[in-house]
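4 protein chains.
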Amino acid sequence: MEGNMLEQLKEKVFQANLDLPKHGLVKYTWGNVSEVDRETGLFVIKPSGVDYASLKASDMIVCDLEGHVVEGELNPSSDTPTHAVLYKAYPEIGGIVHTHSTWATIWAQAGLDLPAMGTTHADTFYGSVPCARYLTQEELDQGYEAQTGQVIIDTFAARDLDPSAVPGILLHGHGPFTWGKDAKTAVMHAVVLEEVAKMNLFTRELNHFAEPLPQHILDKHYLRKHGKHAYYGQK
Amino acid sequence: MEGNMLEQLKEKVFQANLDLPKHGLVKYTWGNVSEVDRETGLFVIKPSGVDYASLKASDMIVCDLEGHVVEGELNPSSDTPTHAVLYKAYPEIGGIVHTHSTWATIWAQAGLDLPAMGTTHADTFYGSVPCARYLTQEELDQGYEAQTGQVIIDTFAARDLDPSAVPGILLHGHGPFTWGKDAKTAVMHAVVLEEVAKMNLFTRELNHFAEPLPQHILDKHYLRKHGKHAYYGQK
Amino acid sequence: MEGNMLEQLKEKVFQANLDLPKHGLVKYTWGNVSEVDRETGLFVIKPSGVDYASLKASDMIVCDLEGHVVEGELNPSSDTPTHAVLYKAYPEIGGIVHTHSTWATIWAQAGLDLPAMGTTHADTFYGSVPCARYLTQEELDQGYEAQTGQVIIDTFAARDLDPSAVPGILLHGHGPFTWGKDAKTAVMHAVVLEEVAKMNLFTRELNHFAEPLPQHILDKHYLRKHGKHAYYGQK
Amino acid sequence: MEGNMLEQLKEKVFQANLDLPKHGLVKYTWGNVSEVDRETGLFVIKPSGVDYASLKASDMIVCDLEGHVVEGELNPSSDTPTHAVLYKAYPEIGGIVHTHSTWATIWAQAGLDLPAMGTTHADTFYGSVPCARYLTQEELDQGYEAQTGQVIIDTFAARDLDPSAVPGILLHGHGPFTWGKDAKTAVMHAVVLEEVAKMNLFTRELNHFAEPLPQHILDKHYLRKHGKHAYYGQK
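Chains as they are written, first to last, in the working numbering: chain A, 1 to 235; chain B, 1 to 235; chain C, 1 to 235; chain D, 1 to 235.
The hints are simulated quantities; they were obtained by calculation from the structure and are not laboratory data. One or more hints might be untrue.
For chains that are exact copies, the list does not tell them apart, and a pair is met inside one copy or across any two.
Said to hold, decoys possible - The list that follows gives simulated cross-link-like pairs (lysine to aspartate or glutamate, EDC-like), each with its CA atoms no further than 16 angstroms apart:
no., residue 1, residue 2
1, K220, D141
2, K56, E7
3, K220, E138
4, K228, E73
5, K220, D113
6, K88, D64
Please put together the full structure from these sequences, using the hints given.
Spelled out as C-alpha cells, the structure:
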C-alpha cells in the first residue's frame with residue numbers, strides 16, 4: 001500500500017469512528033471501527049481511549065492481520081485482536097465495528113438471539129442475529145480479545161451461518177460486533193442492529209405472542225436489497 | 001402541468017422528505033414521501049436509496065398513476081407502486097408517506113390495530129388505525145409493492161373505513177403508511193401516528209385494563225378539528 | 001394595564017410558549033401557555049394552531065376572565081375557556097400550561113393518579129397528582145373547554161387539595177394541565193411532571209411493589225423548597 | 001491554595017457542572033458537582049438553584065470540609081453537607097456528583113441495588129451499585145444532607161465495599177451520587193451509571209431470568225481498566 005492510500009484509509013476509518021457518536025451508538029470513547037486493505041493485508045483502527053474531541057485522522061493505528069502494530073504511536077483499541085481474528089477468518093469482510101449501543105447491548109446482556117421480527121431487520125440481516133456464549137476462564141487466560149474473535153467464528157460455524165448474510169453478532173454480557181464490505185457499511189449495520197434491537201424488544205412487550213417474520217417475507221425483503229435480483233437503490 | 005408547477009411540486013416533495021429525519025421518523029434513506037397533482041395525474045416521489053445529504057429537489061422523480069416514470073434519471077423509491085395504487089383508488093388524498101418509524105413499526109411488528117386511547121389520537125385519527133395482514137406468496141409473485149397497496153385498500157373496504165377519517169395504516173411486520181391532503185399533511189399524520197403509537201403502548205403497560213376513549217370524547221375531539229363544525233385553528 | 005405592560009406580558013407568554021418545544025413537551029402547535037395580570041383581570045394566551053416558526057409576540061391574544069377576546073386578530077387557543085375558569089377560581093395562580101407531553105399523557109390515558117415515588121416529584125408536587133374523570137355528554141354539550149376547567153376545580157375540591165401545593169392535574173384520556181405563579185413557573189412544573197411521569201412508570205415496571213415516598217421524606221423535600229422554612233436556592 | 005489555583009479549580013468545577021446538562025443528566029438546576037483540593041482541605045461547589053445560562057465560574061463557592069463557606073457570595077448547593085461528609089470520610093476521592101438522572105433515579109425509587117449485568121457496568125463499577133435506605137425522622141432532624149452522607153458511609157461499611165472500586169450509590173427514593181479522582185471523572189461515572197441503569201432495567205424486562213455477569217468476566221473487565229495490570233487506554 002502506498003503512503004497515499006494509507007492516509008486515505010486512515011481518513012475513512014477516522015470518519016467512520018466519528019459516525020458512532022453522531023448516530024448515538026457510543027458515549028465517550030466506547031466503541032471502535034476498523035477497515036482493512038486486502039492487498040497489503042493491513043487494517044487501520046482507532047487508538048484506545050482517546051477523546052473524540054482531540055482525535056485526528058493521523059492518530060489512527062495500522063496493524064497487520066496478527067494484530068501487531070505496523071505504524072502509529074498510540075496504543076490501538078484494546079479490541080484489536082478481535083478485529084484481526086475476524087479479518088483473517090472472513091476474507092469477504094472489509095470493515096468491523098464494536099459498540100456498547102444501548103438496545104443491542106440489552107439483548108446481549110439478556111443472552112438472547114435477536115429474532116427477525118420485521119422488514120427493517122430483514123433488509124439487512126437474513127434471519128436472527130446470534131448471541132455468542134460467555135468465554136470460559138481458560139479462554140480468558142489464552143487472551144480475551146483474540147478468543148472473543150474465535151467464539152464469534154465458532155458460533156457462526158456451529159449454526160452454519162454466512163457472515164455476509166448475517167453481518168453481526170451479540171456477545172453475551174457485552175455488546176454487538178457488526179461488519180460489512182467497508183467501515184461505513186459496518187457502521188450502518190450497527191445502526192440497523194441498534195434500531196431493530198429496540199423495536200423487537202418492545203414488539204414482544206406489546207404482544208408476547210408476536211412471531212418472527214414469515215419466511216417468504218424475510219426472503220422477499222432481504223433479496224430485494226441483496227444479490228443479483230436486488231432492485232432497491234440506484235445501479 | 002406546466003414545467004413551473006412541476007418544479008414547485010418537486011420542491012415541496014423534497015422538503016417533505018427532509019422533514020422525515022428532522023422529526024426523527026427515519027434513519028439513513030429509509031422512508032419516502034410523495035405528492036400528486038390531480039390535474040395532470042402525475043405524482044412526484046423521492047428516488048430510491050439516495051443519501052439525504054446529497055439529495056436535491058431536482059432529483060425527485062415524476063410518475064404517472066400506473067407508477068411509470070415520466071421524468072427523472074434516478075430509480076424512484078422501490079415503494080412507488082404502492083403510492084400509485086393508493087392515489088388511483090383514493091381520489092381524495094394528495095400526499096403519501098412511508099416510514100419505519102420506531103413505535104408505529106413496533107405495533108406493525110406486533111400485528112395489532114392501534115386503538116384510540118387519547119385525544120392526541122382522536123384529533124387526527126377517527127378511531128383505531130388498522131393493521132393490515134401479511135401478503136401471501138402469491139401476492140409477492142404478482143408484485144410486492146403494488147399488492148401492498150391492494151391489501152391496504154382491501155383492509156379499509158373490509159372494515160368500512162374512510163381513508164379521510166383514518167389517514168394511515170400499519171402493515172404487519174413492516175411499518176406505517178400515512179396520507180393526507182398534501183405531502184406536508186401526510187408527514188404530520190406520520191408524526192402523530194408515531195407519537196400515539198408510543199403513548200398507547202406505555203398506556204397499556206402502565207394499566208393493562210386501560211380502555212379506548214369513550215365514543216363521545218372521540219367524536220368531540222375529532223369533530224372539533226374536522227368537518228363543518230370545526231373550531232380549532234384559524235379560518 | 002398600560003399598553004407597555006401588555007406588550008411585556010405578550011413577550012413573556014410568547015417566550016413561555018416557545019419553551020414548550022424547547023423542552024420537548026410539544027410537537028407542532030400542540031400545547032398552550034397563558035399568564036394573567038391580576039390588576040386588570042386580563043390574561044394573554046397563544047393563538048390557536050399557528051406554527052411556532054411564524055409565531056410572533058404580537059400575535060398573542062388578550063382575554064378577560066370570561067374568556068372573551070379583548071385584543072388580537074387571531075382566534076385564541078381553543079382551550080382558552082379552561083384557562084379563564086381556572087384563573088377565576090384560583091386567585092393564587094398566575095400562569096397556566098397545557099400540553100400533550102408523552103409521559104404525563106400516558107398516565108392520563110391510563111386514568112391513574114401519579115403517586116409521589118421520589119424526591120424529584122416531592123420538590124414540586126406535595127403528594128399525588130390527581131387524574132380527573134372524563135366529561136359526560138351533558139358537560140360536552142354545555143361547553144367542552146369551560147366544563148374541563150370545572151371538572152379540574154371539582155376534583156381538587158372533592159379531594160381537598162390545595163392548587164398551590166399540587167400545581168397540576170391529569171385529564172383522563174387527554175393530558176396534563178400545570179400552573180404556577182407565572183407562565184415560566186407553570187412551564188417548569190410541566191417539565192417536572194413529564195419527568196416524574198416517566199420515572200414513576202418505570203419505577204413500577206422495575207419493582208411492582210415499589211411504594212410512594214414515606215410521608216416524612218415527602219414533607220422534608222417539599223418544605224425544603226416551599227414555605228417560610230425553605231432553604232433551597234438564593235434568597 | 002494560591003488564588004490562582006483556586007480560580008483554576010472553580011473553572012474545572014464550573015465546566016464539570018455544565019457537562020451535566022450536556023450529557024442529559026439534569027434539567028434546569030437539578031444536580032451539582034464539586035471537586036476538592038486535598039492540600040488546603042477546601043472544595044469548590046456549584047451555588048444553589050442558579051440558572052446554568054447565567055452561571056459563571058466566579059459564582060462557584062469554596063467550602064471547608066465541615067461544609068462551611070469560605071469564599072463566595074451565593075448560597076452553596078443545598079447538598080453541600082453531603083459532599084463535605086464524603087470528602088472527609090474518603091480521602092481517596094477528589095470529585096463528587098449528584099443528579100436526578102432518569103434511569104439511575106428509577107432504580108433509586110424502586111429501592112433496588114443495581115446489579116452488574118454487563119461489561120459496560122464492569123468497566124467502571126466492580127460489582128453491584130448499592131441502594132442506601134431512607135433516612136429516619138430522627139436523622140432528618142439531625143440534618144438531612146449531612147446524615148445522607150453518613151448513610152452512604154454506613155452502607156459501604158456494612159457491605160464491606162471499597163468506594164474506589166464502586167464509585168457511586170443510589171439513595172432510596174431520591175437519586176444517585178457518584179465520585180472519582182476529580183470532578184470530570186465523577187461526571188463520567190454518573191454517565192456510566194445512568195446508561196447501565198437503563199440497560200439493566202430493560203435486560204430484566206426482556207429476560208426475567210437474566211443473571212449478573214459471571215465473576216470471571218466481571219474481574220477481567222474491571223481489571224483490564226483498573227489497577228497495575230490495566231492495559232486499556234494510553235499510558
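Going through the hints against the structure:
In this assembly of identical chains, the alpha carbons of K220 and D141 lie at most 16 angstroms apart only when taken from different copies (10 angstroms versus 45 angstroms within one copy). Taking CA atoms no more than 16 angstroms apart as the test, K56 paired with E7 passes inside one copy only; the shortest distance there is 12 angstroms, against 31 angstroms between copies. In this assembly of identical chains, the alpha carbons of K220 and E138 lie at most 16 angstroms apart only when taken from different copies (12 angstroms versus 43 angstroms within one copy). Taking identical chains as interchangeable, the C-alpha atoms of K228 and E73 are never at most 16 angstroms apart, the minima being 44 angstroms within one chain and 22 angstroms between chains.
Taking the shortest Cα distances, K220 and D113 never come within 16 angstroms of each other, neither inside one copy (22 angstroms) nor across copies (24 angstroms). When the C-alpha separation of K88 and D64 is checked against a cutoff of 16 angstroms, the pair qualifies only within one copy, where the shortest distance is 10 angstroms, while the shortest distance between copies is 51 angstroms.
Violation of the numbered hints given earlier is confined to hints 4, 5; the remaining hints are satisfied by the structure.
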